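Novice: These are the residues of each chain, in order.
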Amino acid sequence: MSDIKIRAGMKGDTAEIKCLMNHVMETGLRKDPKTGQTVPAHHITNVMVTVAGKTVMDAQWGGGISKNPYLALSVKGASKGDKVAVSWEDNKGEKSSAETSIS
Amino acid sequence: MNNTRRNVLKSAGAAGAVTVAMAAGLLKPGAVFAAEWNKAGFEAKGLDAALAAIGGNSAAVSGDITVKAPDIAENGAVVPVEVMSNIAGTDRIAILGEKNGLPLVADFKLMNGAVGFVSTRIKLGATSNVTAIVNAGGKVYKASKEVKVTIGGCGG
Numbered sequence: 001m002s003d004i005k006i007r008a009g010m011k012g013d014t015a016e017i018k019c020l021m022n023h024v025m026e027t028g029l030r031k032d033p034k035t036g037q038t039v040p041a042h043h044i045t046n047v048m049v050t051v052a053g054k055t056v057m058d059a060q061w062g063g064g065i066s067k068n069p070y071l072a073l074s075v076k077g078a079s080k081g082d083k084v085a086v087s088w089e090d091n092k093g094e095k096s097s098a099e100t101s102i103s
Numbered sequence: 001m002n003n004t005r006r007n008v009l010k011s012a013g014a015a016g017a018v019t020v021a022m023a024a025g026l027l028k029p030g031a032v033f034a035a036e037w038n039k040a041g042f043e044a045k046g047l048d049a050a051l052a053a054i055g056g057n058s059a060a061v062s063g064d065i066t067v068k069a070p071d072i073a074e075n076g077a078v079v080p081v082e083v084m085s086n087i088a089g090t091d092r093i094a095i096l097g098e099k100n101g102l103p104l105v106a107d108f109k110l111m112n113g114a115v116g117f118v119s120t121r122i123k124l125g126a127t128s129n130v131t132a133i134v135n136a137g138g139k140v141y142k143a144s145k146e147v148k149v150t151i152g153g154c155g156g
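Chains as they are written, first to last, in the working numbering: chain A, 1 to 103; chain B, 1 to 156.
Worth double-checking, as some hints may not be accurate.
Stated by the list, open to error - Below, simulated BS3-like cross-link-like pairs (lysine-lysine); rule was C-alpha separation at most 25 Å, straight line:
#	chain 1	residue 1	chain 2	residue 2
1	B	LYS39	A	LYS31
2	A	LYS80	B	LYS109
3	B	LYS99	A	LYS76
4	A	LYS54	B	LYS109
No wet-lab data here; the hints were simulated from the structure.
All of these numbers come straight from a predicted model, not from anything done at the bench.
With these hints in hand, go ahead and build the complete structure from the sequences.
Specialist: Below is the structure:
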């Protein structure tokens, strides 16, 4: 089961892609209020978005992106039915990916 | 005797097939990320160091970049930020929370038709500028928007 939700639709000649990912996005700076211990960093470091097999976004993230990240982008030259794939990798080597078609 | 030999050969063959399948699985990664994670940038504790790590120190202020964020964020843990660059050939947008413990938040490389636009949600530790560094046509530009934070989102 994937934990990335993607929505992709055409608006004029531009594809609008929106996605939500499930991730704790710990910065590594936060202290656990109960124990006073610093919570180790655990956040997404790389995000890749492809449309019809071509990379349109290759992003690097720090822990400053909010928990359960939201990401939206727009792509020209895409068309209805094109496959959109989103994948991420975090600083612990965990990975996730999902895909959908532009509607 | 023949039978035993046959079984041994059979199981060796099966084990071989599994090994091949595993190797094939390992050779087919889910995604290949082009660049190594910019550790120096994302772990930089000051704005200048973070900017230096992404080549944003000498960025020119541009009116063609819009940083859209709320004037006041009640919750610094979730601050919606949208960056729109109308500069032709925009191929990179980086977002920084200037007073965050770790100022560099994200660095987006755009290609193959991706418009100079990105929308996400970031954490802000304190009232500060949200700055976008934009690369276009080999030049570096920037734009900022101040966000007042009532409750910080970075903790620690």
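Novice: None of the hints should be skipped; say for each whether it holds.
Specialist: Each hint, compared with the structure:
1. The hinted pair formed by LYS39(B) and LYS31(A) meets the criterion: a straight-line CA distance of about 22 Å does not exceed 25 Å.
2. Distance hint between LYS80(A) and LYS109(B) is fulfilled; the C-alpha atoms sit about 24 Å from each other, no more than 25 Å.
3. Proposed proximity of LYS99(B) and LYS76(A) is contradicted: the alpha carbons are some 34 Å apart, above 25 Å.
4. A threshold of 25 Å between alpha carbons decides the hint, and for LYS54(A) with LYS109(B) the separation of about 13 Å falls inside it, so the pair holds.
Hint 3 from the list above is the single one not met by this structure.
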